[in-house]
Amino acid sequence: MSTSNPPDILTVSGLTKKFGDVVAVRNASESFRKGEFICILGPSGCGKSTFLRLIAGFEKPDAGEIILEGKSVKDVEPERRNVNTVFQNYALFPHLTVFNNVAFGLKMKKTPEDEIRRRAGEALELVSLTKEAYRYPRQLSGGQQQRVALARAIVNRPAILLLDEPLAALDKNLRLAMQDELRKIQREVGITFLHVTHDQTEALVMSDRLAVMNEGVFEQVGPPQEVYNRPVNCFIAEFLGFSNIVEARPLDRASLRIVLNHSLILQVAQKNFPRNREKATYLVRPEKIALHRHRPQHETNVFEGVLTRLRYAGPELECDVQIGETKLLAQAIGRGEPESLLAGERVYVHIDPADIVYLPGDGSS
Amino acid sequence: MSTSNPPDILTVSGLTKKFGDVVAVRNASESFRKGEFICILGPSGCGKSTFLRLIAGFEKPDAGEIILEGKSVKDVEPERRNVNTVFQNYALFPHLTVFNNVAFGLKMKKTPEDEIRRRAGEALELVSLTKEAYRYPRQLSGGQQQRVALARAIVNRPAILLLDEPLAALDKNLRLAMQDELRKIQREVGITFLHVTHDQTEALVMSDRLAVMNEGVFEQVGPPQEVYNRPVNCFIAEFLGFSNIVEARPLDRASLRIVLNHSLILQVAQKNFPRNREKATYLVRPEKIALHRHRPQHETNVFEGVLTRLRYAGPELECDVQIGETKLLAQAIGRGEPESLLAGERVYVHIDPADIVYLPGDGSS
Amino acid sequence: MSKKDFQNVSLTVGPALAFLSVFFLAPLVIILLYSFLSRGAYGEIEFTFSLKNYASILDPLYLAILLRSLKLALLTTLFSLLIGYPVALSISQMAGKRQFIFLMLVIIPSWMNLLIKNYAWMVILRRQGLLNTALLTAGVIDEPLSLMFNEPAVLIGLAHTYLPFMVLPIYAALERLDRRLIEAARDLGANRWQTLWRIIFPQSIAGVLVGSILVFVPALGAFITPDLLGGANSLMVGNLIQNQFFQARDWPFGSALAICLMSMVLLALLIYARFAGRVGEERVL
Amino acid sequence: MSKKDFQNVSLTVGPALAFLSVFFLAPLVIILLYSFLSRGAYGEIEFTFSLKNYASILDPLYLAILLRSLKLALLTTLFSLLIGYPVALSISQMAGKRQFIFLMLVIIPSWMNLLIKNYAWMVILRRQGLLNTALLTAGVIDEPLSLMFNEPAVLIGLAHTYLPFMVLPIYAALERLDRRLIEAARDLGANRWQTLWRIIFPQSIAGVLVGSILVFVPALGAFITPDLLGGANSLMVGNLIQNQFFQARDWPFGSALAICLMSMVLLALLIYARFAGRVGEERVL
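Residue numbers (our numbering), protein chains in the order written: chain A, 214 to 578; chain B, 214 to 578; chain C, 84 to 368; chain D, 84 to 368.
The set of hints was computed from the structure by calculation and includes no laboratory data. Computed from a predicted model, the values in this text were never measured in an experiment. Positions of the beta carbon are idealized from the N, C-alpha and C atoms, including for glycine. Hints are not guaranteed to be accurate.
Said to hold, decoys possible - With a Cα cut of at most 30 Å, we get these calculated BS3-like pairs of lysine-lysine:
(1) 385(A) x 397(B)
(2) 540(A) x 385(B)
(3) 540(B) x 385(A)
(4) 397(B) x 540(A)
(5) 284(A) x 247(A)
(6) 135(D) x 154(D)
(7) 385(B) x 231(A)
(8) 385(B) x 385(A)
(9) 180(C) x 231(B)
(10) 320(A) x 344(A)
(11) 320(B) x 287(B)
(12) 322(B) x 385(A)
(13) 231(A) x 180(D)
(14) 323(B) x 385(B)
(15) 322(B) x 397(B)
(16) 273(A) x 154(D)
(17) 397(A) x 540(B)
(18) 284(B) x 344(B)
(19) 397(A) x 320(A)
(20) 344(B) x 385(B)
(21) 540(B) x 492(B)
(22) 397(A) x 284(B)
(23) 273(B) x 180(C)
As the list claims (entries may be wrong) - Some residues of chain B that are not near chain C, with every Cβ distance over 10 Å (derived):
(24) 354
(25) 526
(26) 561
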C-alpha cells in the first residue's frame, strides 16, 4: 500500500466465525482505509452480515483478530467499540422521539446537555429532518426512518459506520435517491462506511472499493469497475451481471489466438492469453458483443451468426446469437442499428480482443 | 378490430369501483382477446388489483359492465365465473397436499374421480411438480408454491387466468426464470392471461399487450414496444424508465424544427411536430442519446456539450451532459467509445430526429 | 447481543427463578406426599405410607362422582363449542366497530365474579325464581318447577362461566385466517358452505382445541357451580375434595382425590398436545 | 369475498348471537335490578325500589372490608409484578429448550385447582403444619406460630394463584421485543442495565399493564383464598357477597355489594384502557 493513501482504520486477520457446523466467516483478512466507502456484496447467507456483526461486537469470533484504530477490539463489548451500526430495518426506539433517538448515544456517553442539543441538531440537519425532531418513528415514512437511523449512528462520530442493507426495505425510486444521498453524506462527514448489500447495481454505483463475498470468503476486493470487468472467477462474473462463460484452448501464443468449442478462433489481448496449455475459462459480457447487419471492415474477431431470439426490455435489447455451435447472449442499447434487427436475421458479431476476459480462478487446473 | 384477430373473450365497459371517497377504478373500458398475454402495469394503489378483483368477482362494481365470453357476469358469484386467479402470496390451502390443492376446483365441480386424477396429474406435469404431489405447501420452495398456484388455477381451464403480482415474492434470478416459464405455459395452454404487476421490465418483457394504469384509469394500452417508445404522456414516459422530458416550441413547420429552452434548435420527425403553435412536451429516452468524442459527420441534431458526471452501473453507463443551459441524461452501453469517456470531457451529442417523441397528453393545451 | 451473552443478567435473577420453581412446585409435592398418608381418629395425620386412599377412590360412590365430573366437563365443552363456534365465526366476519362491541359483550361478563354469575342463575332458576314466577303468572304451569339442583342446571352454569374461553381462541384463529384462502376457495368454485367446511373450519382447528382445553380443564375441577346450582345428586369431584379437607377432615384422602383430578387434567393436556402436534404439522406455514 | 358479502352466513348465526348477548348480559341486569329491592323479614324479596342497600355499604364495617379488598388486591398486583418481571425477563432470555421447560413450570401449576393450591398452603402454614413442625423440630421456636388466618397468608395465597397471569403477558411482550433494539442500544453505548431500564422495560409496559389487570381484577373479587387462609379479620368483599347470598340471605344487599365490586373492576379497566391507550400510541409501530 503506497504511503500517499490514508491510514488503515480497520484490519481483520484470519477472522473466523462458526454457527454449529456452518462456517459463516472463514479466515477473512482485509484492511480498510480511513474515509473509504466500501460495499460488501454477496448472495444471502454468504456471511456478509455476520462479518458486520463481528466488527460491531454482536458476535464473538472463533478465531482471528480485529484491529480498530490500531487496537485489538476482539474482546471489547459492543458499547465500548468506536463503531456504530445502521440496522436493516433501522431498529429505531419506538418509544423515543426522533431527537431522543439521535441523542441516545450521546446521553449514554454522559455528554453535557447543551452539546447533545447542538450535535443532535447538526446530525438532524445533515439528514434534513430538523422539522421532524419531536415526532415518533412510526410517524415517519420509510425513507425518513432510514435517515433517522443514519443520524443516530453518525452523531457519535464513530471510526467506522456499519450499514446492514439499509436500503433494502425502500422502494425503487426512493432507493435510488438514498444511494446518492448516502454517498453525499459520507463525503461530507469523511467517516469510513462499510456497507453490506445484496444488490449488484447498488454496490457498483456506490462503492470506492467493492468486496465480493461468497460462502464466508472475500472472493475479490477492488474498485467496482475492475471487479465487474475483470472478475477472478465464474461466481463473481455471473453474480455481477449477465455473462457468457466459455471454455477455450490456446491455439497460438504468437498471434494470441484461442479456440472456442473446437471451431471458433478468437484473438485475445496479451494479458488474457492463458498461462497454461490446457483449456481455460473466459468471460464475455453480453454488452461487449457488437451486432452488425453488414460485415464490419478492418476488425478482428468478426463472425457470422444468426439472431435466434430478441427480448425487448425497455432501454436494452437482449439477443441470442448462434455462431456455429456456439450460442452467445448479446446486449445492445435500443438505438440505431441494433434496434432495427429482427429475430431470424443473419448478423455479424464483433468482439474486441480486450473484452474476452480470462478467469484465472476457474478451469485453469 | 380486424376479423383476422381472435375473438374478444372479455370486455369491460364503464367499470367503476369506489371505496368510500376513493375511486379505485374509474370508468374503465377495454377488450381482451382470446389467447392474449396482457400485463396491467401501474404504481401501487393505482387500482390494478381492484380491477382484477372486479373481474374475479371478489368486488362488486359500482357501475359498468363485465362481459365474459359474451355474457354479463356483473352479478355472478365468484364460484360461478369461468375465471381463476393466481394470488400474490399464492393462497395455497395449507392443510391440503399439493395434489388436493390442484384437485380442489375439480372436486367442487363434482368431476368424476378418475378425471380429477388425470387432469390434476397433467396440470402438475405442466409445472414439473409430479414428484411433489403428496407434499404440503409449506414443504415447498417459493418458486414451487408459485407453480402449484398456477396449476391449481389452470387445471380448471378458465376462460381467463388472472395473475395478481404472482412473481413479486420471488428473488431476482427465480423471478427471471419464472417470467420465461409463465410465457411458455401460457403459449402451451392458450388461455388469456391477465397479469398485474408493478415491475416495468417484467411487463415489457412478458406482455403481448401492455395496459398502463394510473389513478384508476387505463392511460395507454398497446404493444409494449409502442408504449415504451411512444408514451402518450409524461406519467407513462417516466414510469416506464429513465427519461428526459423537455418543453419546446415549434420554430418552422417546413424544416420540422423546434426550439428547446430558447436556445437549442432540434429537427424532429414529421409525426412528432407539435399540432399547435404553443409549447409542447417532448420525451428523449436516455439510451437514444449518442455521445461521441469527435463531431459526427452528415448527421442532423449534433450539439457540443460537456460530460458533467458519469455513473458506472455494470453494463450501463449513465452520463449527465450539459449543452448550454440544457442538461440531458444519456445512457450508453459499456463498450467501445462511450466507455473511454471521462467526466469533464467535451463531447458531441447526437439525437436522431425520430427519437424526439411528442407527448400529446401533456402541455399541448 | 446474543442470548448467551445476556446470561449475565439471567444470573442475577436466577435465584428468583429457583425460588419460584419451588413456589410453584411445592404445593404439588406436598399434596402428592399427603396422599400416601392416613387420617388419624381425630383428623390428625398419621405418617405411615399407604395406598389405601387410592383404593378408597374405587368405591362405587366416589367413582360415580368422578364419572359424573368427566361427563359434565365433556358436555360443557361440547355445549360451549356448539354455541361458541358460530358466535366466533359471526364476530370474525363483522366490520371493525361492530366486531369490537360484540367482542366486548363476550369478554366483559367474563370479568364478572364467578359467585355473582352463579347467584344470578339461582335468582332465575330457583323455586321462587324469575322463570317460575313468569311461568306461573302466564299460567303455563300450576306449581313451581324444580329447575335447580340437577345436572342441567350445573351444565348451564358451567357453560355460562366458560363459554368466553371457547369463543376467544376460536375467534383469534379465525381472525388469523388468511382471507385470501376464502377468496381462493370461492374462486375455485366452492360455495359458502363448502368454503366454511373445507377451508375455514380446518384452519381454525387449533383454536377449537385450545378453546376445548380451556373449558374442559376448569369445568372438570369446578366446585362452586355444582355447590350452588347442583344438589346432592350433582356433586362433582371438586366438591368431594372440598368436603374431605373441610368437613370430613380427611386430608390424606382429599389429597389422593386431588392427585386423581390432576391426573385427569394431565391426561386431557396430553391428548390435547397430541392433537395440537398433529394439527400443528399441517399449520406451521 | 368482502366482509359485507359474507353477512349471508352471519345472518344464519345471528339468532345465536342475539341469544348470547342476553345469556351474557342477563345476569348483570338481574343483579342490577335486585340491588334496588329489599329483603323481607324471612329472606324473601320485596319489590319496592330503594337505595338503602347502597347506603348500607357506607357502614364503616363494610367500608373497611372494601378498602381491605382494594389494599390486598393492589399488594398482590405489586408483589406479582416484583417477582414476575425478573422471572419473565429471565425466561425470555433463555435458549429454546430451557425456555420451554421454565415456561411449563410457570404454566402447569396454574392448571392446578384453586382449592388444591390453597389447601397446600394450609398444610404448610397451619398450627400443626409443615413450617411450624420444621421450626419446632429445629428448635428455632418453642411453640407453634400463628402463620395462618391473617392478611400476609391471604397475600401469599393470592400471589401464588395469580402470579402466572403476571408472568405470561410480560414474557409475551418481551418475546415480541425486537432483539435489534437491544443490539442498537448496546451499539450506541448503553450497558446492560441502561439497556434494560431505557429500552427493554419501556417496550414491555404493555405486558406489565395486561399482567396487572389480569392479577388485580380476580384478586379483588377473590373469596375462596381469604375464606381458607384468612380469618375473620381478613375478609374480602367476595366473602361478604357470598355471606349475604348464602348465610344472611339478604339477596338485595348482596346484589348491591356485587354491583359495587363490579364498579371497582370497571374503574380498574377504565384506568387500564387509559394507560394502554397512551402506551399504545408509542407502540403501534
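Here is what the structure says about each hint:
no.	hint	verdict
1	385(A) x 397(B)	28 Å, holds
2	540(A) x 385(B)	23 Å, holds
3	540(B) x 385(A)	23 Å, holds
4	397(B) x 540(A)	20 Å, holds
5	284(A) x 247(A)	15 Å, holds
6	135(D) x 154(D)	26 Å, holds
7	385(B) x 231(A)	28 Å, holds
8	385(B) x 385(A)	14 Å, holds
9	180(C) x 231(B)	21 Å, holds
10	320(A) x 344(A)	21 Å, holds
11	320(B) x 287(B)	25 Å, holds
12	322(B) x 385(A)	43 Å, violated
13	231(A) x 180(D)	21 Å, holds
14	323(B) x 385(B)	40 Å, violated
15	322(B) x 397(B)	28 Å, holds
16	273(A) x 154(D)	50 Å, violated
17	397(A) x 540(B)	21 Å, holds
18	284(B) x 344(B)	40 Å, violated
19	397(A) x 320(A)	27 Å, holds
20	344(B) x 385(B)	25 Å, holds
21	540(B) x 492(B)	19 Å, holds
22	397(A) x 284(B)	59 Å, violated
23	273(B) x 180(C)	23 Å, holds
24	354	13 Å, holds
25	526	37 Å, holds
26	561	56 Å, holds
In this structure, the earlier hints numbered 12, 14, 16, 18 and 22 are contradicted, and the remaining ones agree with it.
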